[in-house]
Amino acid sequence: MAKVVYLDPIDHISGKISRKHRTTYCYRQGTDRRYTTVYTTPTGDPTAAQLANISKFCQAAQQTNTIMMDIDQLEPYRTAWRNQIHSGNLRYRTLRGYIFAQIYRTL
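Under this note's numbering, the residue at position 21 of the sequence shown is numbered 21, and the numbers go up by one with no gaps.
Errors might be hidden in some of the hints.
Restraint ranges, calculated between C-beta atoms of paired labels, are given here [said to hold, decoys possible]:
#1 N65 - S14: 24 to 34 Å
#2 I54 - G97: 18 to 28 Å
#3 G15 - P42: 20 to 30 Å
#4 H21 - T79: 45 to 55 Å
#5 R28 - N89: 20 to 30 Å
#6 D45 - Y6: 46 to 56 Å
#7 N65 - G15: 23 to 33 Å
#8 T106 - I85: 19 to 29 Å
#9 I54 - D8: 39 to 49 Å
#10 L90 - I54: 21 to 31 Å
#11 A2 - M68: 55 to 65 Å
#12 L107 - V5: 41 to 51 Å
#13 L107 - Y6: 47 to 57 Å
#14 Y27 - Q50: 24 to 34 Å
Bear in mind the hints are in silico, worked out from the structure with no lab data behind them.
All values derive from a computational prediction rather than experimental measurement.
The beta carbon of each residue, even a glycine, is placed where N, CA and C say it ideally should be.
With the hints as constraints, model all of the structure from the sequences given.
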């Protein structure tokens, strides 16, 4: 028996259909999966672990901004990032993302 596959007029949707709808449509390109999600606001206060993660993120972002403004601090990160890209590791596409990741690991 034959298998019938119907083609949709639209392959996938990413994002909301309109502002009134709560449902967000998501698409993962690497796994070719489609799913939906609904954002719900948290009902309680953040836990101690969540507050620690928030403060760690803020510290890393602040240090990244200071490094990006100072040329002397920026150059070692830039050469390390370029060496990583030339070796074929494309995990960090931007210099800012690379610096943030390095700082976040040390905190």
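Do the hints match the structure? See the list:
1. Look at N65 against S14: about 30 Å separates their beta carbons, and that is inside 24 to 34 Å.
2. One distance hint, 18 to 28 Å for the beta-carbon pair I54 and G97, holds here, with the actual separation near 19 Å.
3. For G15 paired with P42, a C-beta distance near 22 Å keeps the hint of 20 to 30 Å intact.
4. Checked against the given bound of 45 to 55 Å, the beta carbons of H21 and T79, roughly 47 Å apart, stay inside it.
5. Under the hint 20 to 30 Å, the C-beta atoms of R28 and N89, about 22 Å apart, fit the expected range.
6. The supplied range of 46 to 56 Å is met by D45 and Y6, whose beta-carbon atoms lie about 48 Å from each other.
7. Here the CB-CB span from N65 to G15 is close to 29 Å, well matched to the stated 23 to 33 Å.
8. For the hinted restraint 19 to 29 Å between T106 and I85, the CB-CB distance of approximately 21 Å keeps it satisfied.
9. In this structure the hint that I54 and D8 lie 39 to 49 Å apart at CB holds, the actual value being about 40 Å.
10. The hinted range of 21 to 31 Å is satisfied by L90 and I54, whose Cβ atoms lie roughly 29 Å apart.
11. Look at A2 against M68: about 59 Å separates their beta carbons, and that is inside 55 to 65 Å.
12. For L107 and V5, the Cβ-Cβ distance of about 50 Å falls inside the hinted range of 41 to 51 Å, so the restraint holds.
13. About 51 Å separates the C-beta atoms of L107 and Y6, a value consistent with the hinted range of 47 to 57 Å.
14. Between Y27 and Q50, the C-beta spacing of about 28 Å keeps the proposed range 24 to 34 Å intact.
Comparing the model with each earlier hint shows no violations; every hint is respected.
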